[in-house]
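Number of protein chains: 6
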Amino acid sequence: MPAGEYMNNTPHPTAGSNEEEAWLWAQIKAEARRDAEAEPALASYLYSTILSHSSLERSLSFHLGNKLCSSTLLSTLLYDMFLNTFSNDAALRAATVADLRAARFRDPACVSFAHCLLNYKGFLACQAHRVAHKLWTQCRQPLALALQSRISDVFAVDIHPAAKIGKGILFDHATGVVVGETAVIGNNVSILHHVTLGGTGKAGGDRHPKIGDGVLIGAGATILGNVKIGEGAKIGAGSVVLIDVPPQTTAVGNPARLVGGKDTPSKHEDVPGESMDHTSFISEWSDYII
Amino acid sequence: MPAGEYMNNTPHPTAGSNEEEAWLWAQIKAEARRDAEAEPALASYLYSTILSHSSLERSLSFHLGNKLCSSTLLSTLLYDMFLNTFSNDAALRAATVADLRAARFRDPACVSFAHCLLNYKGFLACQAHRVAHKLWTQCRQPLALALQSRISDVFAVDIHPAAKIGKGILFDHATGVVVGETAVIGNNVSILHHVTLGGTGKAGGDRHPKIGDGVLIGAGATILGNVKIGEGAKIGAGSVVLIDVPPQTTAVGNPARLVGGKDTPSKHEDVPGESMDHTSFISEWSDYII
Amino acid sequence: MPAGEYMNNTPHPTAGSNEEEAWLWAQIKAEARRDAEAEPALASYLYSTILSHSSLERSLSFHLGNKLCSSTLLSTLLYDMFLNTFSNDAALRAATVADLRAARFRDPACVSFAHCLLNYKGFLACQAHRVAHKLWTQCRQPLALALQSRISDVFAVDIHPAAKIGKGILFDHATGVVVGETAVIGNNVSILHHVTLGGTGKAGGDRHPKIGDGVLIGAGATILGNVKIGEGAKIGAGSVVLIDVPPQTTAVGNPARLVGGKDTPSKHEDVPGESMDHTSFISEWSDYII
Amino acid sequence: MPAGEYMNNTPHPTAGSNEEEAWLWAQIKAEARRDAEAEPALASYLYSTILSHSSLERSLSFHLGNKLCSSTLLSTLLYDMFLNTFSNDAALRAATVADLRAARFRDPACVSFAHCLLNYKGFLACQAHRVAHKLWTQCRQPLALALQSRISDVFAVDIHPAAKIGKGILFDHATGVVVGETAVIGNNVSILHHVTLGGTGKAGGDRHPKIGDGVLIGAGATILGNVKIGEGAKIGAGSVVLIDVPPQTTAVGNPARLVGGKDTPSKHEDVPGESMDHTSFISEWSDYII
Amino acid sequence: MPAGEYMNNTPHPTAGSNEEEAWLWAQIKAEARRDAEAEPALASYLYSTILSHSSLERSLSFHLGNKLCSSTLLSTLLYDMFLNTFSNDAALRAATVADLRAARFRDPACVSFAHCLLNYKGFLACQAHRVAHKLWTQCRQPLALALQSRISDVFAVDIHPAAKIGKGILFDHATGVVVGETAVIGNNVSILHHVTLGGTGKAGGDRHPKIGDGVLIGAGATILGNVKIGEGAKIGAGSVVLIDVPPQTTAVGNPARLVGGKDTPSKHEDVPGESMDHTSFISEWSDYII
Amino acid sequence: MPAGEYMNNTPHPTAGSNEEEAWLWAQIKAEARRDAEAEPALASYLYSTILSHSSLERSLSFHLGNKLCSSTLLSTLLYDMFLNTFSNDAALRAATVADLRAARFRDPACVSFAHCLLNYKGFLACQAHRVAHKLWTQCRQPLALALQSRISDVFAVDIHPAAKIGKGILFDHATGVVVGETAVIGNNVSILHHVTLGGTGKAGGDRHPKIGDGVLIGAGATILGNVKIGEGAKIGAGSVVLIDVPPQTTAVGNPARLVGGKDTPSKHEDVPGESMDHTSFISEWSDYII
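Chains as they are written, first to last, in our numbering: chain A, 1 to 290; chain B, 1 to 290; chain C, 1 to 290; chain D, 1 to 290; chain E, 1 to 290; chain F, 1 to 290.
Simulated from the structure, these hints should not be mistaken for lab results.
Heads up, some of the hints might be wrong.
What the hints assert, rightly or not - Residues from chain C that keep clear of chain D, each with C-beta distances beyond 12 Å, as calculated:
#: 1; residue: S54
#: 2; residue: S61
#: 3; residue: Q138
#: 4; residue: A163
#: 5; residue: G166
#: 6; residue: E181
#: 7; residue: A203
#: 8; residue: K228
#: 9; residue: D270
#: 10; residue: V271
#: 11; residue: E274
Unchecked claim - With a Cα cut of at most 27 Å, we get these calculated BS3-like pairs of lysine-lysine:
#: 12; chain 1: F; residue 1: K202; chain 2: E; residue 2: K29
#: 13; chain 1: D; residue 1: K262; chain 2: E; residue 2: K134
#: 14; chain 1: E; residue 1: K228; chain 2: F; residue 2: K262
#: 15; chain 1: F; residue 1: K262; chain 2: E; residue 2: K262
#: 16; chain 1: F; residue 1: K262; chain 2: D; residue 2: K262
#: 17; chain 1: D; residue 1: K267; chain 2: D; residue 2: K228
#: 18; chain 1: E; residue 1: K262; chain 2: E; residue 2: K210
#: 19; chain 1: E; residue 1: K210; chain 2: F; residue 2: K202
#: 20; chain 1: C; residue 1: K210; chain 2: C; residue 2: K134
#: 21; chain 1: A; residue 1: K262; chain 2: B; residue 2: K262
#: 22; chain 1: B; residue 1: K262; chain 2: C; residue 2: K262
#: 23; chain 1: B; residue 1: K29; chain 2: D; residue 2: K29
#: 24; chain 1: D; residue 1: K164; chain 2: D; residue 2: K210
#: 25; chain 1: D; residue 1: K228; chain 2: D; residue 2: K210
#: 26; chain 1: A; residue 1: K210; chain 2: A; residue 2: K164
#: 27; chain 1: E; residue 1: K262; chain 2: E; residue 2: K228
#: 28; chain 1: E; residue 1: K134; chain 2: E; residue 2: K164
#: 29; chain 1: F; residue 1: K228; chain 2: F; residue 2: K202
#: 30; chain 1: C; residue 1: K262; chain 2: A; residue 2: K262
#: 31; chain 1: F; residue 1: K202; chain 2: E; residue 2: K164
#: 32; chain 1: A; residue 1: K262; chain 2: A; residue 2: K210
#: 33; chain 1: A; residue 1: K164; chain 2: A; residue 2: K228
#: 34; chain 1: E; residue 1: K267; chain 2: E; residue 2: K210
#: 35; chain 1: D; residue 1: K262; chain 2: D; residue 2: K134
#: 36; chain 1: F; residue 1: K202; chain 2: E; residue 2: K267
As the list claims (entries may be wrong) - Cβ-to-Cβ under 8 Å is the rule here; a few derived chain B residues that face chain A:
#: 37; residue: Q141
#: 38; residue: D153
#: 39; residue: G176
#: 40; residue: T222
Given the structure is predicted, the values throughout are model-derived calculations rather than measurements.
Cβ atoms here follow ideal geometry from the backbone N, Cα and C, with glycine treated the same way.
So here's chain A without its partners, still in its complex pose:
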């Protein structure tokens, strides 16, 4: 995306720096202001969710509180809980910023940061999970589990609050994503909808996948058990994976096989979680025939 597309003129600060959060918030407000002017029917929505707030964490807490509330879990209670958590944890806020960047730059259908903040259920589910995870680590399990349940009802995204998720994550479309209790997801990972990082049965313990940095997992892929998906690996859409996948390789099919073969798998150079290349392996997938 050329820099000229930004709504504000200050140069984009270093990723992860303190300035980036402020820069991004200014950008989001500028986008929302432009949209409110162009579309009066949406202006009320944009003011209540973005333009009336003084910071990204207030806007996000308001939006999540209103999205996830129910008749028995009031929006004011959730707003308070989200705002307290985001306000007191700079790492959480940095992860939010990185996730907004991930959606904005990896998904060609994402037209603005404000678009992602307001409309991407994968983004919103992930931020709410980050708060649930924080509560989990503070031994507030019942609240964390209630929050997981609301996220699953509202966004159809079911992430156990104990699951560890890195920064710069894109859950694209997101409907039907399931992530189990002992799963770990690295940084800069992209996960499409209907993806399962599931367990292996009724035994407890460490039983869910470990996803390395930069991995791309295609729509409908199912990865089961305490397996390791190496850094930069790519999992094809609809694949069923039950064994480790080496770094920088591509696994496809049900059951999944490595492109290039088990012993001499093709290695790619890019970071699929960022390049989002779903389909370039087709020519190499020898038995893919229609």
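On the provided structure of chain A, position chains B, C, D, E and F as indicated by the hints.
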């Protein structure tokens, strides 16, 4: 369905004619009236959604406004937007009528037009998408995208507002359907739940499937990239398709193969999107063995 | 789970006995009381959903009424309907108890009965379906279908009210489950998310799968047509099954094959629906290679 | 009102008899059915509040639950509380019936029993008070006081739950009525809006008015202290009364004087609480001059 | 108010002309825009109620629909009813404009037309009554009475839908106003809170006051019976009036007397309903002594 | 009230001290905890409004936000506004504490501080006004006026945000209270329901009453114009006052007269706003005769 099952006695007018909309609305009101009399507990619901309205577009706009509203996007605003759009676009209303017919005649579990109008989230998501698409073509992108987001939250159906969808469409069950920005769906297509018409990565441009008239896509099928599914083709449940599928053929499996083989695929005569025959290819699917 | 984990000290009564319901309700209240004391932010939620009620059926009816209501189907109406149905049908209540036990003992992420009662959308969708099914058998189809629609909107679980479901069922994660009109599910079955028990086309009649007792169906499996999945069979994640599967065998893949081969399939001894062993067949799955 | 105006044809049973409640409920349903047929826009409202219910107490409990609920006091909880109380107390139900008769026959603007049941805030506030009073006598003060508060917020009628109120009461218009803790109101009393039955200061004890049977209290009258308003007395609009009023006499003015003079007050024969004659004393009111 | 205070620069058109409605709407939008810019916390409210609408009747219908809705009378239904009525009756819209002018120019606490439109419950109750009255004259009594009930619940203003009300009316503060079935209110009348225009008993027929043009009725005044308050008369606060009051005179007290005496009452020249002079008669009120 | 009635055992700190707020909050929590234990049906309400909060200002902000919100003014926005204002202004919080004490010790029907905090609309309206007044002084008029409107809709209490109100105020019952823009109310004043502190016409400027410290104003009293009610004066119920009232005297009647006569009015020693003695003047009121 024998004509005798209709609640009103006037003969069924020609499909697509001006009279058909009026005929269908009279039929829906008769069905709702019968149900309200038989079930007092549901009468309030039937009056508020159907029997108190003077036209199909008012009933549908009311129902969509109440289903898709949130605390920050009020039902009255949405109702107004839906009603204005449907009232001013006869083609939209004709598509709605064709979609109601599609559900009523293709899905054996659909017991009445009123049942579809009130209860089929695939039908409702599709009608809301038609309005979002209209907004998109009027350069009202932010509103169209907000509507897409609400449809995805409420119905778990995520259709980009730019996607073009024909008439006589059945989204059966519908949960988890994802349709990308540059996808095109022809007329008389039937699509089961969990179906993805997805893109190929982070590059923009024309990157989603083109689905021909009369196609049937089974549950959980994933079709990725700017590929062409020919008229009357059939995609088996759970298939992963990344290459063109010829007309009147059947693709199954992950990766998908043509039934009958790549070079001599079996050709069927029916229109699968209308006949809804999911499974007759089994005997031909040579390596399908349990 | 060691008995010592229970919150109340009376010994666990015989499953299915009259005493079990009372024992379980006492257990749930003790769990909720402990959580309310530990987490004031959740106490209001726990009192309104559990601690203010005098019986499990009142608590469940209240919770379902509030979850499934909409602006046109009020919570009080639904509460009344649920409470009347549960109060007058001891078999329904026994099934609820068995389902709570199933979640508690099969899912290692389930930390308490109260956790399941409040937060498991699969459990809640199943109980609401049981009521819809009862209404269906009482010739109250329009109400049953309206309820199905609400369950599908709110929980993304779409079970036709005519489908017959046994006791001791675990719908784990549950998002995207679809169960057709003539499907039958036995006792002690475990079904993961995205599972489809679908039909075969637009013809009516008996057209959906029959699932035997003790079956385990993995995430994303699609079973189509009037096929029989034998007692104790196991269906691998992502499988597409269109033909009968013998008892105590394992079917995997797309198209599904029997582990051990069509003619000499491996037979397991356990009850997979209860043991929840998803992945032990891997070593036997000869062509599973990464 | 001539009997011919009733919607049902069975003769009106004896007041207070067991049959009267059933007769009245049949009448109300007939009225609501007529209105629902004449006015589709109101049919949903009439079905949800009246026509979907099997008894007057269910209809009233539903209506009060929905009127008095708030985001922190849910309608289902209130519905349950109202229904339990009305179901278990025949005297309460008889008072409700008598109050409906009072409104129907004394207020010429009351066009039907259904009109009163649905729309008269004085009637609704009084029924809710009857339940609050029952709770008060059961030593459930906090709940009774919370209910008083909701009645005061929603209907602008503030009756302390300890106040004792007879049967056949008409609170006409009702806005601004205040009735204190130790007030007692007899049978067949009519009280207009803005009437205060107030106390005398900060001392506790018996400190509010006692209103005899058949009394009529005009709009804006203020009666303060433990004074006795005799049977059949009439209090003029805007009067301020701080001393006992003898039976069958009329007090008017600020400060109030007896019509006819203190020593030879005029005595009327009718029961003003039933005849509702507000103004016939004018000619006798010697110093009333314009 | 000097013209310079207006937000738009076009000259104020003739009262009652077609142009005035457009001029006023432009003025209201300009006021709302100024307030939205100055107060981001209120911008969402101002956009949803005013700035997103294309006409005064749409804004007013939206606002009334959202204010008067309940869980059993949905906002969309009310919005539709209000919009249809206002759109089809230019006289109603002219009365609304005259009422806005009345509040703006008579009440020194009214800072803008938008302030009145959004915040004055007397104004809103009066506009809703105008619609209820229209429904009443169309023989839609049940709907009109349901609307009266909602107005009384929400605004504590109880006006019978049959009452006839002129143009340019100010209900100031408005809490507790009661206007009976056969009351008539002329043009340019100002009525303070707690005012009753009441009936005389349980007999039907013409039984409520007739208020002439330009009358001012002070807070808490009670006028009972089919009496005539002459043009330009003034009724003092707290007065109780049961007999005709001649034009241009002032009645005060309980019972009310004419200032200047019954036979030689003082006559004023101004139009009290417009000048709002509540208290200038004090020096003439001979027995007013503290 | 004997100290033994308090729920907590620490001695009552000095009024207005920093410790008093903490002491009172501890007292309120103890009261709420006792009630929650005694009444499970109310526990959810008590936890959400009081027991889940860490301070009085959080509890009050939550309660006011939920009471005053509407579909166009969300509870989260109001909660934020209340919390910010109370948190940053110790004088506001001290006034809240003094008002709670006023209700608790002057009103014999007030059984606990929690009772007042949750259920007294006069108390809640006054606290919301204090915030509106603060916004007014910060030149945020549109927001202050919107808040005034919500208070008037919800509590039927209409206080202009510019009005100045002291500490230790009891608005008892409160329905129908109207306080104008330039009114001033001193400390330790008690005001009953239906009281008007009104203006004199359409001229702006200083035009409303000034109420001295310790004044008691009876139900339905109307005080109009820029008049001075001296310290410790008492205004009888239903009085209409248009001229100054000297300190420590009692004015009664319509028009109001001084008890004891204009030239030799009786003087009382107590502080009526605190002693709440409404009626002891009766024997002195020579022309009060029934």
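Hint-by-hint comparison with the structure:
no.: 1; hint: S54; result: violated, 10 Å
no.: 2; hint: S61; result: violated, 9 Å
no.: 3; hint: Q138; result: holds, 16 Å
no.: 4; hint: A163; result: holds, 27 Å
no.: 5; hint: G166; result: holds, 30 Å
no.: 6; hint: E181; result: holds, 27 Å
no.: 7; hint: A203; result: holds, 37 Å
no.: 8; hint: K228; result: holds, 42 Å
no.: 9; hint: D270; result: holds, 43 Å
no.: 10; hint: V271; result: holds, 39 Å
no.: 11; hint: E274; result: holds, 35 Å
no.: 12; hint: F/K202 x E/K29; result: holds, 25 Å
no.: 13; hint: D/K262 x E/K134; result: violated, 49 Å
no.: 14; hint: E/K228 x F/K262; result: violated, 36 Å
no.: 15; hint: F/K262 x E/K262; result: holds, 26 Å
no.: 16; hint: F/K262 x D/K262; result: holds, 26 Å
no.: 17; hint: D/K267 x D/K228; result: holds, 17 Å
no.: 18; hint: E/K262 x E/K210; result: holds, 20 Å
no.: 19; hint: E/K210 x F/K202; result: holds, 24 Å
no.: 20; hint: C/K210 x C/K134; result: holds, 19 Å
no.: 21; hint: A/K262 x B/K262; result: holds, 26 Å
no.: 22; hint: B/K262 x C/K262; result: holds, 26 Å
no.: 23; hint: B/K29 x D/K29; result: holds, 23 Å
no.: 24; hint: D/K164 x D/K210; result: holds, 10 Å
no.: 25; hint: D/K228 x D/K210; result: holds, 5 Å
no.: 26; hint: A/K210 x A/K164; result: holds, 10 Å
no.: 27; hint: E/K262 x E/K228; result: holds, 16 Å
no.: 28; hint: E/K134 x E/K164; result: holds, 10 Å
no.: 29; hint: F/K228 x F/K202; result: holds, 20 Å
no.: 30; hint: C/K262 x A/K262; result: holds, 26 Å
no.: 31; hint: F/K202 x E/K164; result: holds, 26 Å
no.: 32; hint: A/K262 x A/K210; result: holds, 20 Å
no.: 33; hint: A/K164 x A/K228; result: holds, 14 Å
no.: 34; hint: E/K267 x E/K210; result: holds, 20 Å
no.: 35; hint: D/K262 x D/K134; result: violated, 40 Å
no.: 36; hint: F/K202 x E/K267; result: holds, 20 Å
no.: 37; hint: Q141; result: holds, 7 Å
no.: 38; hint: D153; result: holds, 6 Å
no.: 39; hint: G176; result: holds, 5 Å
no.: 40; hint: T222; result: holds, 5 Å
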